[in-house]
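Student: Given chain A, work out where chain B should sit, using these hints.
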Amino acid sequence: MSKTNSDQLHGTLDMLVLKVLEDGPLHGYAIALRLERVSKQVLQVEEGSLYPALYRMESRGWLSSEWSATDTGRRARFYRLTRRGRAQLAAERESWLRLTLAVQAVMRS
Amino acid sequence: MIRHALARLRALVRRDAIAGEIREELQIHVAMRAEDLERQGLSPVDARRQAARRFGNLSVIQDRGYDVRGGGIMETIVQDLRYSLRLFAAQRAFSVVAVLTLAIGVGLSTALFSVIHAAVIRPLPYAAPEQLVRVDVQVPQTGGDIFRLAPSLVDVRTWREDQRVFRHVAVDRGEYNLIVDTGEAERLTVHRVSEGFFDVFDVRPFRGRAFTAEDTRPGTPLVVLLGHSYWRARFGADETMLGRQIRVAGESATIVGILPAGFHPLVSVWQPYPREIVPETIRGSGAPVIARLQPGLSRDLAEKNLSQIVGAFDAAQGKNAATVRLDSLYEETVAGTGPMVGTLSGAVAAILLIACVNVAGLLLARGATRQRELAIRASIGAGRTRLVRQLLTESVVLAAAGGLAGVLLAWVTLDALVAIVPLSLPANVSVSLNIQVLIFAAVVACSTSLIFGLVPALRLSGVTVSTALSGADRRSGAALPRRSGQWLIAAEVALGVVLLAGAGLMIRSFARLVSVNLGYEPESFLTLQVAPLDPSPAVAAQYYPALVAAIRQLPDVEVAGASDQLPIGGRRRAGFVKVADQPPIRIDEREVLPGFFEAIGLPLKQGRFLTDADLAAGKSVVVINEMTARKVFGTVSPVGRLLPVEDRQPEVVGVVGDFLQDGARSPVRANVYFPYAGMDSTERRPLVVFVRPRGAAPGLPVRLREVAQGIGPRVLVDRIWSGADFVSESVTVPRRRMVLLGLLAGVGLLLTVVGIFSMTAYAVARRTREIGVRIAFGADKPDVVRAMVHDAIWPMALGLVAGAGGAFFATRVIASLLFQTTPHDPLALAAALGTLAISAIVAAWIPARRAALVDPVVALRAD
Chain A
0 MSKTNSDQLH GTLDMLVLKV LEDGPLHGYA IALRLERVSK QVLQVEEGSL
50 YPALYRMESR GWLSSEWSAT DTGRRARFYR LTRRGRAQLA AERESWLRLT
100 LAVQAVMRS
Chain B
0 MIRHALARLR ALVRRDAIAG EIREELQIHV AMRAEDLERQ GLSPVDARRQ
50 AARRFGNLSV IQDRGYDVRG GGIMETIVQD LRYSLRLFAA QRAFSVVAVL
100 TLAIGVGLST ALFSVIHAAV IRPLPYAAPE QLVRVDVQVP QTGGDIFRLA
150 PSLVDVRTWR EDQRVFRHVA VDRGEYNLIV DTGEAERLTV HRVSEGFFDV
200 FDVRPFRGRA FTAEDTRPGT PLVVLLGHSY WRARFGADET MLGRQIRVAG
250 ESATIVGILP AGFHPLVSVW QPYPREIVPE TIRGSGAPVI ARLQPGLSRD
300 LAEKNLSQIV GAFDAAQGKN AATVRLDSLY EETVAGTGPM VGTLSGAVAA
350 ILLIACVNVA GLLLARGATR QRELAIRASI GAGRTRLVRQ LLTESVVLAA
400 AGGLAGVLLA WVTLDALVAI VPLSLPANVS VSLNIQVLIF AAVVACSTSL
450 IFGLVPALRL SGVTVSTALS GADRRSGAAL PRRSGQWLIA AEVALGVVLL
500 AGAGLMIRSF ARLVSVNLGY EPESFLTLQV APLDPSPAVA AQYYPALVAA
550 IRQLPDVEVA GASDQLPIGG RRRAGFVKVA DQPPIRIDER EVLPGFFEAI
600 GLPLKQGRFL TDADLAAGKS VVVINEMTAR KVFGTVSPVG RLLPVEDRQP
650 EVVGVVGDFL QDGARSPVRA NVYFPYAGMD STERRPLVVF VRPRGAAPGL
700 PVRLREVAQG IGPRVLVDRI WSGADFVSES VTVPRRRMVL LGLLAGVGLL
750 LTVVGIFSMT AYAVARRTRE IGVRIAFGAD KPDVVRAMVH DAIWPMALGL
800 VAGAGGAFFA TRVIASLLFQ TTPHDPLALA AALGTLAISA IVAAWIPARR
850 AALVDPVVAL RAD
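Chains A and B, in that order, give the protein sequences. Throughout the first sequence, residue numbering follows numbering that gives the first Met the number 0, covering 0 to 108 in sequence. Throughout the second sequence, residue numbering follows numbering that gives the first Met the number 0, covering 0 to 862 in sequence.
Chain A extracted, bound-state conformation (with noise of 0.2 Å):
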């Protein structure tokens, strides 16, 4: 895989785990989960490696993170949109929207 492919599915990854966040908070597992209904192309290769992008995520200030109870009494860790990461999200939604709208545009013509 060549490196600018990684880094768009890195891109990728990140903007879909912060759509998922846009409506609250989540443990790991859900995350993945909802990314699967979405797509099954972005954690094709293992499920895991979702979690070093939330560090990444987290250590950039676009997630905050703690250690709560789920509904079946479990403990697991929930991850949150911060401010920061709405606003990653809000730019990162607008610039996906230029370049479909880019896309169709020439598709189209």
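Calculated from the structure, these hints are not laboratory results. For every residue, glycine included, the Cβ atom is placed at its ideal position computed from N, Cα and C. Possibly wrong hints are sitting among the right ones.
[Stated by the list, open to error] Listed below are several chain A residues computed to face chain B (Cβ distance under 7 Å; list not exhaustive): (1) 23; (2) 27; (3) 28; (4) 45; (5) 46; (6) 47; (7) 54; (8) 55; (9) 63; (10) 76; (11) 77; (12) 101.
Tutor: Frame of chain A, contents of chain B only:
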């Protein structure tokens, strides 16, 4: 950002906690997935297995997660540091040598350049020193000559009033050693200056006031200023000293001010000039004039303007118009220091270079021995960046330790260097460590250690794991370090030769200097410098003959006399001998009490010495030296003839040998010796008593002091020196040159030897296996040693040749510092080459000898 850094720091301390947390989170994920799968109908075992498979390699993911959340780069740095320190501790010899080498390179060069900086770059610690000038008047003579004279007092006054050219202008009569009586008499440095002198340097008195024009008038009561350090030392910084009286050269004086600290610290008392009636319009009265130019005015323009003023004045007087010449005080201060500064800078640069070469050699040698370790680390997954980072950390640790030790060394040696540096440091400059120089030296030394520390890492790409591990590399020692090590040895040897040659020349020159026959016997007499506190001529005229007579009565004294001059140096009193139809012949007039010639061992060539009878009768007789005889009388015998000196006609009764009265480097001068008080003079200087003891006479100085103080008037005994003390003092600067250059050469030689020693030692260590094989196959042990030394011989030979060539050119710089020695003195060069060759071979041989001790069985079984 800060929180992030804190989290990382926390990670450093709590790395286990974080790793555990990550692991727990990942395991929860797998467990949740397994539960879901089970709910979908898989058996618990299958569910677990599939969940784990879908999750991926848990430990790898945990590591990747830790890379993001853990200590990160800081943690690796700490690891690297820890590893480096452990390595240095393990290789103690290497560490000590490397750190000391760096310290010497950095420390010595910093300290010495700091001294040079103080002496040459900023010797005038005043505001805008470029505005400070010395002022001279150039007066055209009728013969076409131009005399360069000090301006007259009237000139100075005119310029001061004019204000266009000089902001301030003053007369600087210079320093005198006068007896100052503050209840306790001592001889002190008294500086005589006109009003405005302190303004020239932009200096205000610390307390009280400066001199006014009124203070300098003849007949006014004497006022003085005290130097700050004298005031502190003598009066404990007592401010009530203002307004009090002290006696300066017998005259009562009022203290009106105290100068600020640091301004001419060696001057104790300042006195106004002239305060006596001097010919105000006569130029060349001997009092130099200094001034501060108006800001922004160039020296050329100032000279032009002043020449106009002076020219107009002279024209009004009906004289030839003089011109004015200005010289920068800065240039005057640093004049003549060039060769010494160049030599010292060169020597220090050479030492810094040798230190760098040493460190480079050490690091290369060590790098070569670590090739295997690095290859192993690379093979088990250390990335190249990681290895470079590790080596970089080691270099930084080394450089930091060396740099730190260097600063310490510079700080410690600075005072010692100030004491022996053969440059005249302006008295009012304090020497402190120069930060720019320190940074420069530290950067040079540290970049050396960085660059050469990284070489092994950079070479790593060329080393395959298999060759490194198979030990193929060790068979002959790795090629690069060996070759480059040899170049380094050559460079070191060459630099060492240049240093040693310079030092050798200084030693040769100094040996010649002190072996010069001065014309008298400095080893065989004592001098007693003593003066009555009462400066009136009548007291002196009585005291000295009585003193000499009393000293002659002492049992240990063979002969005693006196002269108005020191054996070496001191002020001269010029006179002219005028023979009809000839230009006047310049001679030095000296007054002596009989016994002087015999005491210092000046040989009698014709006629007789002066006797007490000459004094008593007040006869007009003189003794002259051979130089005077030759100049005035040619080949005719002068004894019995009259000598037309000034307006007198004394009879010449004897001729004595010449002597070098200003030391070995000065020419012989024409001397005329008058019996004491046989010459009328307005200025009667204190005499110096010369005593030739009989035998060793160890108690004589004490007895002389007692006699000097016990025969009448209150006196001050300044010092009792032997003739040899004067000779020794007269060669202080050349001696310091020799000592300092010898020291630098010694340090250079030491570093070179250490470098060759350690590089050879490493080569032997690296080739233990090869040596073992050789010995196992029956090689002679001496042969093995020779082979090891041989590796060092060629670079040494190359270095010696290059060094000889370098010395040939480099020593030209010091040509002007040498006395009767050519800079290409073959003996000095040969000694330098010999010393270095022998030291270098010994330095290579000692570690090489260890090769012979290699036990083949052990060597081959090693690893």
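Student: Evaluate each hint against the coordinates.
Tutor: Evaluation of the provided hints:
For the restraint placing residue 23 of chain A at the interface with chain B, the shortest Cβ-Cβ distance is roughly 18 Å, beyond the 7 Å limit, so the hint is violated. Taking 7 Å as the C-beta contact cut-off toward chain B, the hint placing residue 27 of chain A at the interface holds, the least distance being around 5 Å. At about 4 Å, the closest approach between the beta carbon of residue 28 of chain A and any beta carbon in chain B falls short of 7 Å, and the interface hint on this residue holds. Among the interface hints, the one on residue 45 of chain A holds; its C-beta lies about 3 Å from the nearest C-beta in chain B, closer than the 7 Å criterion.
Using the Cβ-Cβ criterion of 7 Å, the hint placing residue 46 of chain A at the interface with chain B is satisfied: the shortest such distance is roughly 5 Å. At a threshold of 7 Å, the smallest CB-CB gap from residue 47 of chain A to chain B is about 4 Å, leaving the interface hint in force. Taking 7 Å as the C-beta cut-off, the interface hint given for residue 54 of chain A holds, the closest approach to chain B being about 4 Å. Checking residue 55 of chain A against chain B by beta carbon gives a least distance of about 5 Å; that is within 7 Å, so the hint holds.
Hint status for residue 63 of chain A relative to chain B: violated, with the closest Cβ pair at about 11 Å, above 7 Å. At about 5 Å, the closest approach between the beta carbon of residue 76 of chain A and any beta carbon in chain B falls short of 7 Å, and the interface hint on this residue holds. Nearest Cβ of chain B to the Cβ of residue 77 of chain A: about 11 Å, over the 7 Å cut. The hint is violated. A distance limit of 7 Å between C-beta atoms decides the matter here; for residue 101 of chain A the minimum to chain B is near 33 Å, and the interface restraint is violated.
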